Every structure is written in structure tokens, then in C-alpha cells.
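*Asks:* Given next are the chains, with one letter for each unit.
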Amino acid sequence: MSNIPTELKYTTTHEWLKDEGNGLYRVGITEHAQSLLGDMVFIDLPECQRRYGENEECATAESVKAASDIYSPLSGEVVEVNTRLEDAPELINHSPYDEGWIFVIKASESLQFDDFLSPQEYQTLIAD
Amino acid sequence: MTTSLSRLENRDEFIHRHIGPSEQQISEMLAVLGLTTLEQLIAKIVPADLLLENDIQVGEATQQHLALAELKKIAEGNQYYKSFIGMGYYDTLMPDVIRRNLLENPGWYTAYTPYQPEVSQGRLEALLNFQQVTMDLTGLPVASASLLDEATAAAEAMAMAWRVSPNKNARRFFISRDIHPQVLDVIKTRAETLGCDIVVGDIDPDAVDMTFFGALLPVTGSSGELYALDAVIDAFKKHRIVTCVCADPMALVLLKSPGEMGADIVFGSAQRFGVPMGYGGPHAAFFACREEHKRAMPGRIIGLSRDAAGRPALRMAMQTREQHIRREKANSNICTSQVLLAVIAGMYAVYHGPKGLMRIASRIHRLTDILAMGLRQAGFSILNRHWFDTLTIKVANKADILRRAQDYRINVRSDIPDCVGISLDETTTREDILTIWSVLVGQKHGFDVEALDDQVMQAPATLDETLRRVEPILVHPVFHRYRSETEMMRYLRRLEQKDLALNQAMIPLGSCTMKLNAAAEMIPITWPEFSRLHPFCPIEQAQGYQQLLEQLSRWLLAISGYDAICMQPNSGAQGEYAGLLTIRRYQHSLQQQQRHICLIPASAHGTNPASAHMAGMTVVVVDCDEHGNIDIADLEDKAAQAAESLSCIMVTYPSTHGVYEDGIRRVCQIVHQYGGQVYLDGANLNAQVGISSPGYIGADVSHFNLHKTFSIPHGGGGPGMGPIGVKAHLADFVPGHCVVHAQGRITHQGAVSAAPFGSASILPISWMYIRMMGTQGLKKATQVAILNANYIARKLNDIFPVLYHGAEGYVAHECILDIRPLKARCGISEMDVAKRLIDYGFHAPTMSFPVAGTLMVEPTESESKEELDRFISAMRAIYAEAQCVAGGDWPENDNPLLNAPHIQEELTEKWTHPYSREQAVFPGKNKTGVKYWPAVKRLDDVYGDRHLFCGCLPVEPSL
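These protein sequences, in sequence, are chains A and B.
Residue numbering for the first sequence follows our numbering, beginning at 531 and increasing consecutively.
Residue numbering for the second sequence follows our numbering, beginning at 274 and increasing consecutively.
Errors might be hidden in some of the hints.
As the list claims (entries may be wrong) - Simulated crosslink set (DSS-like; lysine-lysine; CA at most 25 Å straight-line): (1) A/595 <-> B/1096; (2) B/1183 <-> B/1204; (3) B/461 <-> B/510; (4) B/441 <-> B/511; (5) A/595 <-> B/1068; (6) B/628 <-> B/667; (7) B/317 <-> B/346; (8) B/441 <-> A/636; (9) B/771 <-> B/1198; (10) B/717 <-> B/667; (11) B/602 <-> A/595; (12) B/1068 <-> B/1198.
Everything labelled a hint here was simulated from the structure, so no lab data went into it.
Since we're looking at a predicted model, the values are computed, not measured.
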């Protein structure tokens, strides 16, 4: 059974979001996603201070055998990226919800956090 | 006497040499399938409406020696004129130790692309040498293991610049006027679908601004001029331009490296490092870049990693850049590259070492200086200010000079107005210099080479200080150890021994068609009549090649059911790109510019979506149904949705799932109904030859993998050839060439490869194959390939379920064995089975393509029943071992499958495993008395990709 923290929200493309307040959201990929991809070898991080549209490709997670695009769950400006992943992409495998976060994005408009998948809904999605 | 003379003459001898199973064995295998004849088998498998009514007409089979004699006569139609044309192709001396032990050695040329690194350490090390040579000469830290040719490398460089450029809205690419015309031709073709504009101009710091994303500059210009690019690159950098630099590798031995001048990407042709011109190819292009751009590189990169025991081991690195993983998002569609030629070029550097290369390059340069001094004294104006080996000479009486050149049987470059170009090379002699003076100055030129040499030595050096190399090259031990032929011979042998090629065992790689590459087919490629021609020599001198092309084209048309052939694409993926461009140009000619959607079934090879993307198309994936067939309803929906935007479908037949789908004609109809074209991928053409054909099925264009279906060896990952066949309405739109014109054979369209007829010098292999097999042999090869696959499927289905089959329960020429049920039961994966096969002396089948968790087996017609039975026994034994894991006899984390492959060192190491040492290294009943030992244990892929290192180790891992 995959670990799906209850305080987070999820997308159908396996990103998680954490509300950091002030319109800031921290984003990463779920434990389920990292387990499908396998050992990470490289994370292509988003550009800091760049604006991304909702569902726009903004990063790539690469394992030896697969490369998976990461989509911005909302439109806004990336204000921080996890540069530790440059040298330690395996953080995504070991700690997908904590040390393996990927970027923080500032939403360009106020956002209904509830529009994203709840932990239960995400659980149902990956069970299918 | 009951046997006729014609029987005794045994004209179809080669058919029985090429096809593995004897008549007796064919009967036995048919009996296993409950059948009595091959015709019966085909009738059960191939949909009746696809079966050809008449035999294809390619003539009767011929014995090997007679085919060779016939081809020799054709080859003699080529006339050898010494070439001073240059333009990217130079005569060279392949060291004989390399010719005999590498080029002519099946241990090297029959190997496959090193997807299974444990059985490929030899050629991986050889490729690492090539990468190190590239890094040293270019002055850049990351190099790849070859691209198809210099012109495609240029197009790849431009596309890479586009990907990495920080000038996101810039759409212009600057190209120096002084690059080879065929390189510009191929770049222009690529630019059209990339969506950028080419600006050709003089090298000038003010040539670009921020509306440019990249630039292509030469260090060694097409005219022979040398350029110190430091200042220009510096100026370009201010506009954040990605600078691509092309360079001649022999010149780089003496010249300052482009990397030191500030270049971001450097490429060129490694041909003159020991690989004959061969009327255009095959040759390896080299390619290097800066560290920060390594993930944007096209093509294969060999990297250092470690094996399960922590020892250094090599593998293909960062494969997520490539088409087989990233599909339409891949950096390039390149799959097969030019491994054998890259290996030869690398070995040329190993054998000569830095001092040898320096001597060779310096001699070429000295002869050029001597030639130039004579010409200047005779009053000629040389346009170059600097040169390495090429002079552009202004001449008043060009027609006379060209005529005299013909009288002296030499070729010079003639396409520059009022000038002739002369390029010297490793084979140029003093006598040649005298001949050139005779041609240009007149017979009574009165020059003496020795005297002029003295004058050159006393004159100031013609290589400017600003241009001269200061950094050393080839400092690694491998470039210093193998000076004697004995040592070199043993080094080649040592590397060969690490690899598993067809000369040791079946290579049952599904979708790869590892059939016999017969000796008689290989012999002609080293005939000087074929190997010494320059691709741009006057076509009258290449009549032998023209005859060969004409006959081979005629046969391929008969086999494929098409109306016209374009021989230019020099790999299968290149053929896909060429075929899609042909469709695009045709549709544009009908004012249907809006057609951009390319439908591709989910099961397609990764090259398909990657090629479609390169051809400027949008990929829409069509689903497969539960039987692995194209979901016709989904196809109809997607075609209807695309409607006026539908360009084409790319479909492989028989499917990549190894099945003759019933619905293929319907697929063609649907696509045609919406105004689209059908691209039938020729990857599996070997299962159609003689019994069906793409043209007959209803397709409009296909490429033919001559390196699969028509016996060209894989060379460890190239060379390949991917000519395309088209229906008549597309014939005017296939790639052409800007330098070579041949009435009726070359169109006026843009080129996709550097040479007009691709890798022409390996076409004799396919010619020989078809000539020796004849109509009956080709058909029988197809039938037996299908029989062999079905025999394996039938014998293994009870333990490894065959995933997909046709309506009657048969597969086509390959079968997918499902390992997932086993994995669910005991944790043994397709990877474990694949690696354990190595201990049994086999190369693994194709792993996890086209379905994850499976192995795809393609035995081909060349494997005998004994070899098939040996493989079947090995697979059954491995299954029994897995049962021991399932039953708890061996733990899931310590068993012979998980720990496979086992290496020689384990014979003497402390033994701690729960299974015996004998079980580990001598499983099965190997009666040959010869054991294949992999050089390393299972590779650690993750380590290699996290720590990319793509050059030679300071101390070699092999010693």
C-alpha cells in the first residue's frame, strides 16, 4: 500500500501539492510515481522565476529506463527549486514527500485547493 | 544413373547454406506443429488476401563463386581515378591488422548493438576509445559513440542548439558560407521541419544577433581555409548563440581544438581515420559537446559504471535521451549508428598513437605546402590564406585543366567557379604532387619535390601560431601500448573474446533479425573497385556502382511491390524520416499543408514517433486491442478526428507483436479514405519477402532494413542501410542530392544524408544475398523464419506463455514470451532470465519490448534445429531453476538467476551461495567443450547514469 499523506492534495499525473500559505504551493511527485519510475538518476528542475501555465510541462524526472514529465499543477511563477536534487536525485526515492520536494510555485490567482484530488480520490485513482 | 547433371551442379547450394534447418529437420519441426508442408504453415498464418498470387521475380539461385564472379565483372565497371576532390571524403590507409582482425572478422561485424552490456564489453571499450579520440581532438569533455555521417551530424547539431539555446524565441541559424554543399543541403532539409530559418554568410563577429539561436562555423572550411574562431565565437557568445563547429579530424591533430576556441558543439567525419571512401559510406561521424549540454546530445554515449561486484564495467549511458525510451520527445530518431566504423577509426588512433597521427598529418600538410609553393612559383593564385590539406586554386583555363586531369586519371574538385580544388590525404605520394603540377602547370613544370621541401622548411610555417595545437592528444595508455602488430592483433582478439557475436551462438533478438551474414556476401566490400571511389567522382567512373544500384533497385521493387527506390537513407530510422518527408512534400505539392497528424499504434518502435516528430508531424497514438492488434475502431475515430489534418499512419507489418494482423488492408483503406498515406515500417519485411509485400498490402512507402532482411551485418550497432520504396505518385518527392546528379535516379529534392546513395559500399552484401538466394531461396527463408519462431513458441508456451498470436494460434517470425506470471510467483524477472541465458552461452532475446516484463524471441531462418533445441533446453532449465526459487529451495535474494551472469573469477573466489559453483557457471549440458565467459557481472545502471564518465580510464579496465 502506497503512502499517501492526508494533509496533501494530488493530481491525476501523480504530483502532490502542499499549501504553504500566501498563495505558495510546494510540489513533488508521489511515492507511487517514484516507485513506478525506479531509481532516479536525474531531475531536470524548473527554471526559477519563470511562469508556467496550468498543466504545463515544467520538469522531468529520469530513471535509468524511463523519463517522466512533471506538470505544473497550477499557473504561476516558480519561486524556489530543490537544488539538492541536482546532486542527489535519489531523495525523490527515499523521501518523496519531504526532502524530495521539487519546486515551490506562487499561484497567479487565488486557487481552490479543494479542486485537486483528495488523498482518498488519489488512492482510488492508483488502485485502478 | 538417376541424378541429372543439373542436379549435380547444385545451383541452389547457397539456399541450404543460408537456411539453418535441413529438409529433415524442417519436416520434424512441422510435425511438432501438426503440419506437413511449409505452404500449409503459411496458409494457416498469413491472411489469404495478403498472399501473393505469383512468385516475385529476382532470378534463379546462384552458387557463391559464380555470384562473386558476376559481381566482380560489375565492380570492374568502376574506374579508379585518384581522388583529390576532398569535400569531406579522403583516401586513407586502413591498417591491415585492423582489416583482417576487425573488419573482416565475424566476431566484430556480426555483433548487435550493446543493449546487453555484460556480453559487449569488448566493443564498448573500443567505442570508449573512439569517444576519447573525439574528446581529445575536439577539446570538449563529452563525446558520443558516432552518428551516421557528417551532414546528419550537422543537422543534429543544429537541432541540439535549438534545444539548449537560451534565446527561446530565436528562430534563425547562421551557417558559414564555407561548409561542404552536401552538409548545407541536409541541414536545410532538417531546418524546414524544425521550423527555423537558415542564414548563410561570411564568418564575421557581427553576423548574428539575439534573433539567432545557433551558428555553424568551420575550423577547416570546405575551400580548405582554416579559421581561428576564438574572436568570432566570443562575439557570438555575447548574443547567447550556441556555436556548432565542424572540423576535419586529421587537421585537428595539428590544430588548436575548437573546444579551446570556445565551441559548444563540435562534429565531423571520422572517415579518414582508416575507413575507405566506399562511394559515400558507411563512415562514422564524431560528435562532442560541453558538459552542461550532455543530456541534449543525440545518439549513443558509452559510459563507465560498475558491475554487481563493484568492478569497472561499461554500458550505454543516459538512454532516456533516446527514441526507444523517450519516443517523440527523444533528442533524435537515431537508433543504429556506425559502430563498426567508429571502432575502426578508434583503433586507427590506437595503432598509430599520437606520434603516428602527428607524422601522418604533418606529412599531408608538408606535401600541401610543397604543392602550394610550386603552384605559386608557377604564378597561380591560391585563394586560401591558411591551409591544412586543401587548396582552392584560381585557374584561367579550367576546361583544359579538367581535361588534362582526366588524361592523368585524377579527379579534382570542379564545382567552384573559375577554380579547382585539390585535397591531399594519407595516400598522396611525391609522384602525385608531380602529377598535379603536370595537370595544372603543364608537363614541363620543372619542379623538384626535394628542392621545394628545402624551401618550405626555410620559409615561415604556413600554420599560423594562432591555429596551432598546444594541448597534447591521446595521452591515455591505450594509445601507447599497441605499436607492434603482435600487440595490436592480441588487443583486438582480447576485446573480441569479451563479446558474444553470431560466430558463437544464436542471437535471438526479436525485431532485430540476426540472420547469417555469409562470408561470400562480405567479401566484395573490401574490393578496391568498390571501396576506393569518391562519392562525388564523375558518374561515368562509377558505372559499376550504377549497375549494382540498378539491379538491386529492380530486385527490391519486385520484392516490395513498389514503383521507385531511393537508396540514400543510411539507417532504418533515417529511412523513416526520409519516407515521412516524402509524404509531406507530396501533400504540400497538393496544397495540403494542413496535413500534419501521424497516427502510430501504441506497439510501434520508438523510432516511429521520433521520426514523425523530426519530420514536423504531430503524433497521435492508436490503441491496440487485447490481442495486440491495432484497435480498428479507435483508428477510425482518430482518423475521423484528424480528417483534413491526417497526414499518414506508420504501421509495422507483421506487427511488432509478432502477428500477421487480419485488419491491415482495412487499416490502409481507412487512412486512404481520409486522404492520408500509409507508411509501412519495413522492420519486419523479412516475414513478407516472397509471400506478401507492402505494395500489395496497400502501403504507399516503406523503408527496407538492408541490415536485417537483406543480410548486411549489424556491426555491433551499425552500419545499417534504410533505402525507401515508394508508389509512383511519391517518386518525385524522395530525397535528392545537390552535388551528384544522375538522370532518373536522383530527384531535385533536399537530401537527408551526405552521400547520394547512402552507404553504397555495403550494398554488394544485399546484392550477393538476393543473387545467391534467388526467387525460391528468398521465399523459403521467409517460410523457415516463420517455422523456427513457431517451433520455439510451441515448445515454450507451456512454461512461458506466448503473449500474442493470430487467429489460428500461430505467431509470425517472432514470439513474445511472457515472464510476468513467473515474476508474480517468485520474483524472477525478464532481466534475470535474460542474464541467466548468458551463463548458458546465449545472447538474451529482446527485453521488455514491445511489452514490459516480456522477452521477444526471433530465431531467423539461419538457425538449425539443433541450435533452437539448445535454446529451448536452456529456457526450460532456467524455468526449472525459477521453480526452485518459487519452491523455497533458493532464497529470492540469492539464487543463480538473480546473481547471473557468473564470471570466471567466481571459480576461485570464496563460495557463499546456496547453489553449487558448478550450477552457477556450467549449467545445462554444454557439449561443445567451449564456454562463453562474460567479462563482467550484471551492470549497475543507476551508478553509471548518476556518475557519467565517457572517456578512457587512465588505467585500462581490461588489464
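*Asks:* Please go over all the hints and tell whether each is borne out by the structure.
*Replies:* Right, here's what the structure says about each hint:
| no. | hint | result |
| --- | --- | --- |
| 1 | A/595 <-> B/1096 | 19 Å, holds |
| 2 | B/1183 <-> B/1204 | 21 Å, holds |
| 3 | B/461 <-> B/510 | 24 Å, holds |
| 4 | B/441 <-> B/511 | 15 Å, holds |
| 5 | A/595 <-> B/1068 | 31 Å, violated |
| 6 | B/628 <-> B/667 | 35 Å, violated |
| 7 | B/317 <-> B/346 | 43 Å, violated |
| 8 | B/441 <-> A/636 | 23 Å, holds |
| 9 | B/771 <-> B/1198 | 22 Å, holds |
| 10 | B/717 <-> B/667 | 20 Å, holds |
| 11 | B/602 <-> A/595 | 15 Å, holds |
| 12 | B/1068 <-> B/1198 | 18 Å, holds |
The structure is inconsistent with the numbered hints 5, 6 and 7, although it conforms to all the rest.
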